[in-house]
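Undergrad: One letter stands for each residue in the lines below.
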Amino acid sequence: MNICTYPNHRRVLHGGAMLLCALLASACSKPPPSRVDGGDPERGRLLVQQYQCAACHFIPEVQGPAGDAGPSLQYMGRLSYIAGGIPNQPDNMIRFLQNPPQVKPGTLMPALGISEEEARHMAAFMYTLK
Amino acid sequence: MNDIQSVLHPAGLDAAIIHQFSWVLFVGGTVIFLFVMALLALGMRRAARPIRPAVWIFGAGIAFPVIVLTALLAWSTWRSAQLAPQTSHNAMTISVTGKMWWWEVRYRDPAGGGREIIGANEIYIPVGETIYLGLTASDVIHSLWVPSLAGKRDMIPGRVTGLTLRADKAGTYRGQCAEYCGAQHANMAFHVIALPRPEFDAWLARQAQPAAPADTTVLQRGRDAFLEQRCQACHTIRGVTDSAAALQMATPIADTSRLGPDLTHVGSRRHIAAGTLKNHTGTLAGWIADPQSIKPGVFMPPSQELDGETLRAMATYLEHLK
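Chain order of the listed sequences is A and B.
Just so we're aligned, residue 3 is where the first sequence starts under the numbering used here, counting upward by one.
Just so we're aligned, residue 764 is where the second sequence starts under the numbering used here, counting upward by one.
Some clues are possibly wrong.
Stated by the list, open to error - Lysine-lysine pairs mimicking DSSO-like chemistry, simulated, CA-CA at most 30 angstroms apart:
1. A:Lys-106 / B:Lys-932
2. B:Lys-915 / B:Lys-932
3. B:Lys-1085 / B:Lys-932
4. B:Lys-1041 / B:Lys-1085
5. A:Lys-106 / B:Lys-1041
6. B:Lys-1041 / B:Lys-932
7. A:Lys-132 / A:Lys-106
8. B:Lys-1041 / B:Lys-915
9. A:Lys-132 / B:Lys-1041
Worth flagging that the hints you see were computed from the coordinates, not collected in a lab.
Here the structure is a predicted model, which is why all the values come from computation and not from measurement.
With the hints as constraints, model all of the structure from the sequences given.
TA: Rendered as structure tokens:
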């Protein structure tokens, strides 16, 4: 049976094909814009790897020992707070990455001499972890 | 391409000879294999020509291997004779002890006096000079291998073996344990750093110095925490753990201060935990806080009860020990 001979079916098929095209197009389009101005998540990921954050944290897509001296960062992008008390906003994240003890006195996490630009990329990467 | 640890990128004479052997055997074996497969294909043809079995049995079965293997034996004997002699004569000697899971490296003090300069996980050598590594192990059998420079040599507890090394190009070469030695065998790496002679001498002179003084409040806090945590039970910081104040805190038990790596110049090293992590304040802090999650099974216990400020001060202090 050729379903295309029925006008109603043809309309459904057309609609379905357009929906499929739209889905494919959205799948192929660019990833959602970074939550951090001027931050490149991929560069951030490489920086996170380079600074060996995985010595203390479990971080998806970052190689390393996945230590547990620090919390897992698996869902960092959707947590409400950084370090258990600072609102998880890009500006706070950038400041925290650059100098954790200044933002949260008493934290175990040391300042690693990360520049503002590097922190910006790393923060952008943090918001991809959901 | 990353050739820091590669038999295909020899940087010394011995490694070059081993590299040549590998290629000759690999290419020669491939040619012979293809030849045999071609004969097999010819023999399986339906209309195969009749052959004279005696010619093939005596020619290809006996004469060919005898000639090829004799030639190979002669050539490899001649080439092997050109490998550096495994002797400490006319060579600078460095002692390396394999431990679970790191390397203790000891140099003789050129100033004399029979003193040794002790480091860990990094073997500095002068470029173009023959070095004799005196090898042993303190617990189980390890094996030292720097693929770019030389072959392997087992390190056996209670025995001293030796390996001659020579780097013809300045650079950093990675090596690792080549004999399974327990849970963290895979994380037991080290680096050989070949420097021109003057730079090597300067480096050794710096290593011979006692630890850098703690001249800020944070550094003093880190140093004091190091002693309060009794890190000196396993680690040495020359000028600190052997000071009168430290000895007053805890009576040293003979030889235990060498259970862990000498930390007198730990900040000058590129990696910590035998090539496991790059060396900076962050990784040092992470390592002190919980070595077991980074290198499970390692003998160092975690110190998770440390407060943040103390932990950061300790990491800053260790990083300062250049």
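Undergrad: The structure should be examined with respect to each hint, and the outcome stated for every one.
TA: Each hint tested on the structure:
For the given pair, Lys-106 of chain A sits about 48 angstroms from Lys-932 of chain B by alpha-carbon distance, which is inconsistent with the 30 angstroms threshold. Distance hint between Lys-915 of chain B and Lys-932 of chain B is fulfilled; the C-alpha atoms sit about 20 angstroms from each other, no more than 30 angstroms. Simply put, Lys-1085 of chain B and Lys-932 of chain B have alpha-carbon atoms about 25 angstroms apart, close enough for the 30 angstroms limit, and the pair holds. The hinted pair formed by Lys-1041 of chain B and Lys-1085 of chain B meets the criterion: a straight-line CA distance of about 15 angstroms does not exceed 30 angstroms.
Taking the CA atoms of Lys-106 of chain A and Lys-1041 of chain B, the gap is about 25 angstroms. The hint holds against a cut of 30 angstroms. Taking the CA atoms of Lys-1041 of chain B and Lys-932 of chain B, the gap is about 24 angstroms. The hint holds against a cut of 30 angstroms. Annotation: proposed proximity of Lys-132 of chain A to Lys-106 of chain A holds, straight-line Cα distance about 23 angstroms (limit 30 angstroms). A C-alpha spacing of about 25 angstroms is found between Lys-1041 of chain B and Lys-915 of chain B, which places the hinted pair at or below 30 angstroms, so the restraint holds.
Restraint check: the Cα-Cα separation between Lys-132 of chain A and Lys-1041 of chain B comes to about 28 angstroms, which is no more than 30 angstroms; the hinted pair holds.
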